[in-house]
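Undergrad: Please model the complete structure; the sequences and the hints are all you need to start from.
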Amino acid sequence: MIFGQDIAERLSRSYYNQGLDMAQIRDLTGAVDKLRISLQFNKNNIQARNLLGLVYYEMGEAVSALSEWVISANLRPAGNDAANYIQNLRSDPKHLEQLNQTIRQYNEALRSCREGNDDIAAVELRKIVSRNPKLVNAYLLLALIEIKDGKYSHARRMLKRVLRIDRLNPSALRYLKEIDEAAGTTTTVDIRTRDRRRSRKKNEGADEDLQQNAATKQMAFRERPAYLTLVNVLFGVLIGIAGAAFVVGPAIRKSYSESANSRITEYTTTIAAQQSKINDLQQQVDASTSSVSTAKDQVADLQSTEQSYDNLLQAYVDYQKGDYESAGDAFAKVDNSLLSTEASEIYDSIKSDLQSQAYSSYVTQGQTAFYQENWADAVSYFEKALALTDSSSDTDNYEVMNLLAQAYANNGDTDKAIAEYQAIIDANPDTRRAEYAEYAITNLGGTYTTSGSGTSQSGTAADTAGTADTADTAGTANTAGTADTAGTAAGTAGTTATAGTQNSGYIDADGDGIPDDTGTAGTAGTDIAGAGTAGGYNGAAG
Amino acid sequence: MLDYDEELKKFKPSLDVENVEDAIKNQDLTDIVDLLRELERNQRNSSKTKKES
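From first to last, the protein sequence lines are chains A and B.
Sequential numbering of the first sequence, starting at 1, is according to our numbering.
Sequential numbering of the second sequence, starting at 1, is according to our numbering.
In short, the hints are calculated from the structure, not lab data.
Restricting the straight-line Cα-Cα distance to at most 30 Å, the calculated cross-link-like pairs of lysine-lysine (DSS-like) are: (1) A/Lys-321 - A/Lys-333; (2) B/Lys-25 - A/Lys-134; (3) A/Lys-127 - B/Lys-12; (4) A/Lys-148 - B/Lys-10; (5) A/Lys-127 - A/Lys-177; (6) A/Lys-94 - B/Lys-25; (7) B/Lys-10 - A/Lys-151; (8) B/Lys-9 - A/Lys-134; (9) A/Lys-177 - B/Lys-12; (10) A/Lys-151 - B/Lys-12; (11) A/Lys-148 - B/Lys-9; (12) B/Lys-9 - A/Lys-160; (13) A/Lys-94 - B/Lys-12; (14) B/Lys-9 - A/Lys-127; (15) B/Lys-10 - A/Lys-127.
TA: Written out as structure tokens, the structure reads:
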């Protein structure tokens with residue numbers, strides 16, 4: 001008996017190994033057959049029973065798996081992996097209940113089929129496989145119903161799912177063969193096993209090998225309908241075009257790039273040449289403009305020279321006629337620097353005499369206009385007279401300058417009057433003439449500058465009235481307080497005071513340009529006091 | 001050609017939780033060793049009967 005028991009255990013282990021090999025390549029149906037035989041030889045082969053439970057579980061038969069593990073745990077209570085499997089299932093009662101629910105529904109669907117209610121069964125089975133996607137029998141039954149209804153495509157899809165779980169399931173393979181024969185198609189089953197290493201552990205750790213190796217073995221099924229050929233051809237054409245673009249593209253781009261660079265270089269050179277031409281032309285334009293400007297200047301000089309010659313001739317003619325005034329006008333317009341040596345000699349020969357004659361004429365005409373209160377003509381004549389003299393002789397021109405200043409003031413040209421008085425101050429510093437001019441500027445409300453002290457004074461309204469004479473620089477002239485009083489009274493006369501200046505403002509009997517310190521001047525002092533503009537000064541004269 | 005009805009007969013109901021206890025209790029766990037022992041016991045009984053007779 002011991003010999004027979006030993007043979008049975010050895011046969012049991014042999015079938016267990018075969019079952020394990022099949023389980024590792026996901027031939028689950030074959031594994032179930034071998035493991036059942038193994039257990040028939042030895043019901044105490046715990047590894048075989050545990051593996052059988054795992055295979056059932058993998059095929060969606062969770063309760064059958066649980067049954068095998070419960071028996072296994074009873075046969076060997078200690079050191080048995082079945083206890084762990086049971087514990088895992090019980091730890092998630094919701095999942096176990098869901099699996100059990102799908103099994104009950106499957107049994108209901110099977111009963112519906114047997115009662116002829118295939119439609120109801122098909123609807124139920126579709127729900128089942130969505131909730132328990134490992135339940136192989138549900139896929140097979142659904143595929144069988146769809147084959148019966150001629151829905152080969154759907155049936156084929158279900159059978160492929162079966163073969164992903166149990167790749168050599170005989171029912172699935174047989175149904176696929178029937179579908180191919182009925183539909184006239186070929187369903188290719190490609191089996192790709194990445195890891196063909198087969199562990200031959202015989203007892204210990206067999207179920208772990210199943211789990212590990214099952215994850216590394218895959219199955220793929222490919223249908224090859226006719227349109228795939230066309231797709232492949234189109235794909236090949238696209239790849240060819242892409243390859244050609246990849247190879248030829250850079251050369252074309254390079255060609256374009258070289259052409260563009262060449263054109264850019266050509267354009268750059270052309271632009272540089274054009275720019276150079278533009279610069280040359282601009283220089284020519286500048287040179288021409290300069291030449292034109294020079295020519296214009298030369299023409300202007302020639303015109304000026306010609307004008308000077310004309311004026312010189314006119315001056316000479318007028319001079320010969322004794323029309324010194326016209327001669328002076330023409331002579332004043334002559335630019336001696338433009339004349340030739342010979343013309344300059346003529347210019348010099350008549351200059352002094354003409355100037356003297358013209359000067360006298362202008363002064364006489366100016367005085368006449370002045371006394372006739374024709375201020376504009378007076379100004380014109382006096383200006384012409386002074387134009388014939390040079391600044392160095394301003395001292396000798398005091399009378400003309402003084403009259404010109406007064407003519408300016410009376411003509412309403414205060415600024416020029418002040419300027420002329422300032423010229424008198426500058427030409428006659430520290431003299432009575434300067435004091436008079438300073439006082440006149442103050443009365444005009446202007447500012448004067450004395451070259452000696454460098455100080456300046458400005459006139460005020462009070463000075464005009466003569467009441468503030470003590471503030472004047474000419475303080476010595478204020479000693480005649482009575483005259484100031486007269487000046488104050490005259491200050492209110494305003495324009496009447498201006499009329500007083502017609503009397504020359506002072507008496508200069510000896511003609512030296514300085515008011516005379518004579519008693520007779522008192523009368524004139526009274527007149528000037530009437531003017532109010534020279535009250536203090538007149539007091540001194542008095 | 002598949003015979004739908006014949007194929008349908010090959011499908012068996014799956015074991016659910018309500019039936020698992022009965023299934024376990026009623027499962028035939030007899031193996032070859034049990035059969036051999038039974039045979040051996042029967043042989044011993046028959047030989048003993050022959051000796052007594």
